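Student: Chains as they are written, first to last, in my numbering: chain E, 1 to 332; chain Z, 1 to 327.
Misleading hints may appear alongside valid ones.
Here are the simulated DMTMM-like pairs of lysine to aspartate or glutamate, each with C-alpha atoms no more than 25 Å apart in a straight line [said to hold, decoys possible]:
hint : chain 1 : residue 1 : chain 2 : residue 2
1    : Z       : K279      : E       : D155
2    : Z       : K279      : Z       : E9
3    : E       : K24       : E       : D13
4    : Z       : K152      : Z       : D42
5    : E       : K197      : E       : E27
6    : E       : K24       : Z       : D115
To be clear, the hints were calculated from the coordinates, so they are not data collected in a lab. Owing to the predicted nature of the structure, the values given are computational and were not obtained by experimental measurement.
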Amino acid sequence: MAETPMVARHIPDRLEGRGARLVKSWETLLIAVALAIFLVNSFASPYFLDPWNLSDATFNFTEKAMIAFAMALVIISGEIDLSVASIIALTSTVMGYAVQLGFDTPALVLVGLAAGLLCGAFNGLLVTGLGLPSIVVTIGTMSLFRGLSFVILGDQAFTGYPASFSWFGQGYVWWVFSFEFCLFLALAVVYGVVLHKTNFGRAVYAIGNNQTAALFSGVRVGRVKFVLFLLTGLMAAIASICLTARLGSTRPSIALGWELEVVTMVVLGGVSILGGSGTIPGVVLAALIMGMVTFGFGLLNVPGIVMSIFIGLLLISVIALPILYRRLRGSH
Amino acid sequence: MKRLLKNREMLLVVAVIALVALIALRFPPFVTPGNLANVYNDTSILIILALGQMAVILTRCIDLSMAANLALSGMVAAMLNAAMPGLPIPLIILVAMALGAVLGSINGLLVWKLDIPPIVVTLGTLTIYRGLIFLLSGGAWINAHQMSNAFKALPRTTLLGFPLLSWLSLVIIALMLVVMRRTPLGRAFFAVGGNPHAAVYTGIDVGRTRFFAYCLSGTLAGLSGYLWVSRYAVAYVDIAAGFELDIIAACVIGGVSIAGGIGSVGGAVLGALFLGVIKNALPVVNISPFAQMAISGMVIIIAVAVNARAEKRKGRVILRKAEAAHG
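Bound conformation, chain Z alone:
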């Protein structure tokens, strides 16, 4: 029992269930299966993005450019579709993913080859990618009527009662589970974040692992770009502005340590779901949607404080005493 409580994922599951129960007290229809499925579907994109961010954070890096990458890839997908309505949708998705991967690899290369701190690189590319959308589109919007029906319909198509968007996020979760648990790359993410020096001695190229993490987050951002644009049927410069914070928040809530090396697929998914439930519940329990930003901020701070307690390293007693005395 004690171990079960200490298990992060279990704790999060309890937290999410408690949150849903609390909402159900004030608004019972929230917990109908149909609505919960809707909430999951609405959170699907955040889940996909959080999984990419998790890989990056595991390697002691951070990707602040994911939302900008999403917006740029989404805009390119929408413009392609508007210019050539006949183009098959899978091809457009591939282009969006490839573009996302390229944008991610730029981050990765700067971090790998030039040793620039990841936060600086991605702060820089965040503004550059956003600016590029403006240059590409001239500030114009791509509206629903300019997109082909097939382009808009794909995430909405239902399969066995659930929208394709939900299925897609489930597939990505499964793929990430395999990558993180069963492949050398997944192990390398943990090794690099846990102890970079030790990772070098075990024959892992730290820079290259980080590069792959950025490629992964970029590819997922590109995929999300198409999903976002087709789901909301509009593309403009500012879509998903500020969403990078939600993505990081999902990871932090999910127990992914910002210091690297600690985290899990389940945690990131649950962290995203926690935010998704809050976002969907605010309007139905009569809290102003304007409060969402403040609540996210509060949740991030609480989550990181809880994480820090859990991660506190034992040992180095002398130092800690000195720190306590002077700190």
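In isolation and in its complexed conformation, chain E is listed as follows:
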């Protein structure tokens, strides 16, 4: 939507060394911020540094972060998916419906994943098949998917999930490490490898930087983008399984407004909203930061809506600061 202004690019005679680049990188800044928040939190509240409290705190971000990984890829490729929270709602509703039909846990998970994939495929088809701008398409499907959930549920709620299903949201793999947190770590590794070490990952960057050039270098732009939307749908479904299992019930308003938090997480992680750059470690750090901030505020009894002000300010300032910094450096 916003086109990059034509600026003469200055190419330095000598590239900076590896160490210098590492120190100046966005990820280093994020690590510093995360440490600072960790310290402030542990001083502000005596309850912060407790393994079980910290373990509970991870639920603040794990589900959103799972989606953020796929969203990072979508945004790097120059598109966006605003329908993720609505996919969660629809997937959860479909699973709740399946419970009424007497499905058991393995079938529920399969039904959920299939619903998420279908939603993702629908987005992908509209964006790549018909060539529509992803922002409008996903604003439309955001309304459509959650709307379907409202059609099915109205003002009712689905409950009565089988006991074994709740393990996905409440189970622990080992000591304080919940299933969700372990899944988050595993997915972080998978997405990190896919984005940074495979041809597919290179293709995602190439598309985000210059779609036409990518096309002429033999990248199947449409297919890659379709897969990305499919992945986002799948991740939203996984998040939905975890969230539904954790809450034990489904209402149409489940995960309302999460798309904003997921996008914030991705952008905070250093992914350029214009596409073409960003890393998975950055997104992981951003998830940790947002989780700790919400948890810390929660311990201090700050209401949720005030936290959302903070998230909004964070989103804008995180993008504004590098621009201001570059401008100040460029002026002299």
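We have chain E already, so just place chain Z on it with the hints.
Tutor: Here is chain Z on its own, set in the frame of chain E:
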């Protein structure tokens, strides 16, 4: 005839009439003049907001914070009235509009001076403005009995048989027609969206034009804030939550291109009316009001698909062939 069919506004008029006719088949009283006037009145606020959003979208930007801006301005108007019932209503309206303009200008400044992508700016300010309402009101509601009668009566006052709210939206439509067609600013909106680089060479400041578009959408959101609160006689944190999507939907349905540079006042008004008719018709044709969200979503997707077909640029044949082969 062929040109007439290709004309977007005509197509929309036909679509709206067809929709109304379809509803009339199942529920004839829907098409009585009195009821149609009610439907228009009910859609007035959406029309005003859609016109503001149109100006922003024309310049290749988007304003997701309009509904939050509306809610904040409306809350301030209601709180002013509750605290000082003697304050003249026009003054309250002015305050609401001024506050809306300020909130809009914040979006505009961030887009203009810092070059932050508009969607990020307005996603951020959306949550910030909503949060500010909570901070201001402490989460409390301003109810009908706390508002003065004059405050609540204004949009309902009838003039020549129609409520003032309807008249006001007609005035805004007329003003926007003049701005878009007869002023340099209106032309600049189109120029900036059509081709920003060319606009720069014709001496238009792209950033400043976008700033003015946001000020315009903010002012209209502020005005709508007062109208909304006084019409429904209640103000709380979540009023008009999610309404920003309806506003964008109205524009998209009305043929305003999300890629900027294409759109018209008539289109935006008709797009809003299309949504307004659906919203008002669902209960009378026995469709659950819960279906409205899904229908809006469907309509947005269909509208954007139709728009894309109409806007498909000719030329660059080689690229298109390559895209088709690989895509």
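Student: None of the hints should be skipped; say for each whether it holds.
Tutor: Hints, one by one, checked against the model:
Proposed proximity of Z/K279 and E/D155 is supported: the alpha carbons are some 18 Å apart, at most 25 Å. Under the criterion of a C-alpha separation no larger than 25 Å, the hint pairing Z/K279 with Z/E9 is consistent with the structure, at around 21 Å. Of the pairs offered as hints, the one joining E/K24 and E/D13 holds, with about 19 Å between alpha carbons and a cut-off of 25 Å not exceeded. With a CA separation close to 16 Å, the supplied pair Z/K152 and Z/D42 stays within the 25 Å bound.
Straight-line distance between C-alpha atoms of E/K197 and E/E27 comes to about 18 Å, which keeps the hinted pair within the 25 Å bound. For the suggested pair E/K24 and Z/D115, the alpha carbons sit about 23 Å apart, so the restraint of at most 25 Å is met.
Comparing the model with each numbered hint stated earlier shows that all of them hold.
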